[in-house]
Amino acid sequence: MNIVVPVKLVPDLVEELTIDASGAALDTMWLRLIINELDDHAIEQAILLKERYGGQVTVLAPDSEGVDDMLFTASARGADQLVKLVGNFEGGVNNHALGRALAAYVKDLKPDLILTGVQAHNDLDGSIGALLAEYLQMPYVGYVSGVNLETDKAVVRKEYPGGLIAELEVALPAVLGIQAAEQPPRYVAISKVRQAMKTATIEEHEVAELDLLGGAVVSRMFQPEAAEKATMLSGDPDAVAEQLIGIFKELGVL
Amino acid sequence: MKTTEMQENVFSREKIYASLFELENGERIRTCLQCGSCSGICPFGYLMEFPPSLIIAALRADMYEEVINTESVWMCVSCYACTQICPSQIPVTAALMTHTKEELLLAGKVPTELQSALENSQRYGNPMGESPRKRADWAASIENPKVNIMGMIRRPVDVLWFVGDYPSYHPRVQLATKALAKVLNALGVDFGILGPEENSDGDTQRLAGERGLFEMLAEKNGKVFRKYKFNRIITTDPHAFNALKNEYPKLGIDYPVQHYTQFLAERLDDIKPLLTHEVKARVAYHDPCYLGRANGVYEPPRTLLQAIPGLELVEMSHNHTNSLCCGGGGGGMWLDGFQWEKAHTRLSEWRVGEAVKAGAEILAVACPYEPPRFEDAAKTVKEASHLAVYEIAELLAKSMGL
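Here the protein sequences line up with chains W and G, keeping their order. What the first sequence shows, in this note's numbering, is residues 1248 to 1501, in sequence order. What the second sequence shows, in this note's numbering, is residues 2 to 403, in sequence order.
The hints are simulated quantities; they were obtained by calculation from the structure and are not laboratory data. By construction, the Cβ of each residue, glycine as well, lies at the ideal position given by its N, Cα and C atoms.
Some, not all, of what chain W presents toward chain G, calculated at C-beta under 10 Å: (1) 1261; (2) 1262; (3) 1277; (4) 1433; (5) 1434; (6) 1436.
Model the full structure from these sequences, guided by the hints.
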């Protein structure tokens, strides 16, 4: 079983986000990046499948600050092959462009299964899994929280709103958008990550040109604005009560 | 099966012995009498399938893998009670228990709560996952003079204050941190803090089995220490004190270090005239494991308390070398849910009960794990509902009218 897991790093919300001078993007000065949480679950699910059925897990990610550490951690957890897509990824890239870049590379890996996080908090133009499936002409199931494999198909558990869960059969190869791995992403001791840094290698794959067509263009980015402020009543309790009755009458509740 | 053979190999007696014997006095494990004192004095020994003496017995019988297959050792709060009582002077806490946690961690058997504290420590330099940029935010309200942040003042200081994780971020503990800053200012101490450049001391992560993480954090702190000039380090946290005094030097990071109670007790003559307000209360002092048993510092905190006018110091039934852990050590701080499930009681609840029995109105502490732990415990132990919990720095500030 050849499993490919495309993942990406997203802004870490532990730091307050600020908007840059253009007014249409995040200020990257203090930005820290962290693996998209659901991508982390996709890696875990891939390793669980490898442990259960055997096979090979390839984790790949577009280049960004901290991506090497993230990939080495994936290796320490059990990933076999690490790939970094290198190109003009600075400041992020839309999912259409990323999907096309991934598809071109992933096709040659001849995967049986592609697992990726079902969404990321900075997705503006749809989830990467569905786009990737389209470009690769593979079936796609999103919001998956459990996977079992049979000869040429996968039986997946898909979560629906309202607590409904469906079991679906998908022909392989397929793309799955992972909502949750069957167990929380495992912990690996730092000593093992450090070991992986010495022994594992990250393959670099050059992406010559990114085709941004289809992505959303941000015209303005801003902090939430209060639409209407609350009215503060002041004065002694009698005066406040008087005003309150006036307001109630005006609104027709009295 | 192949995997079983491999695992047997990993946990073979010879292999574990070899790892243990590398540690300081580790070979003393051979001299175990199987008297069981360690298991008896362990505050959670009665809940462990393998308390310390049984781990040694299992090891001798080449059955260490069975120990690894239980979660026993996560009840260990690294309080040094076992080490203190062992007639063969076996480093039970530092070697046996900590190494067993390391083996569990390497085998990927980590309770979820602990896992997130370790991941946060790695990523953000503090176990709570707070923003590293906000590490010095507590200091904003301190005036006359303002708290020096080393990266900003660019000059040497006399004292580098290693503030620590909970003193920097925990809302309750911040009150004690501010009190200590005011006391240092009142004494005219020239001090600075590292602020956003400070990382967790890593000692509790080490005692929770994450040695690699400890080394990573120590290296980061060591690198920052080297950037600045200072004469000595003081710590708010006994765990940081323990790390800087006993563990960092092994990694080549060697500075004179004191717990703040030691530093202040040496300046008692300067402090006494400032203690102008009475604190009329019976006060019990809780010896933190890493100040007391692990490092033999018992008197400086008591000296400071006794200098406060109106204050009457009383002792609880467990005191000095026999002190009882608050439950936060060795990863206990990050295993509250796990330990509650196993024990349905908390060591902190036991401890506040002792304070009340000793007639105390205030429980004085000298470790940042304790104000939140004991205050929470006092809320759930009926007879302790009127017990107040203060860091020694807070009582000094109170008496100084700060």
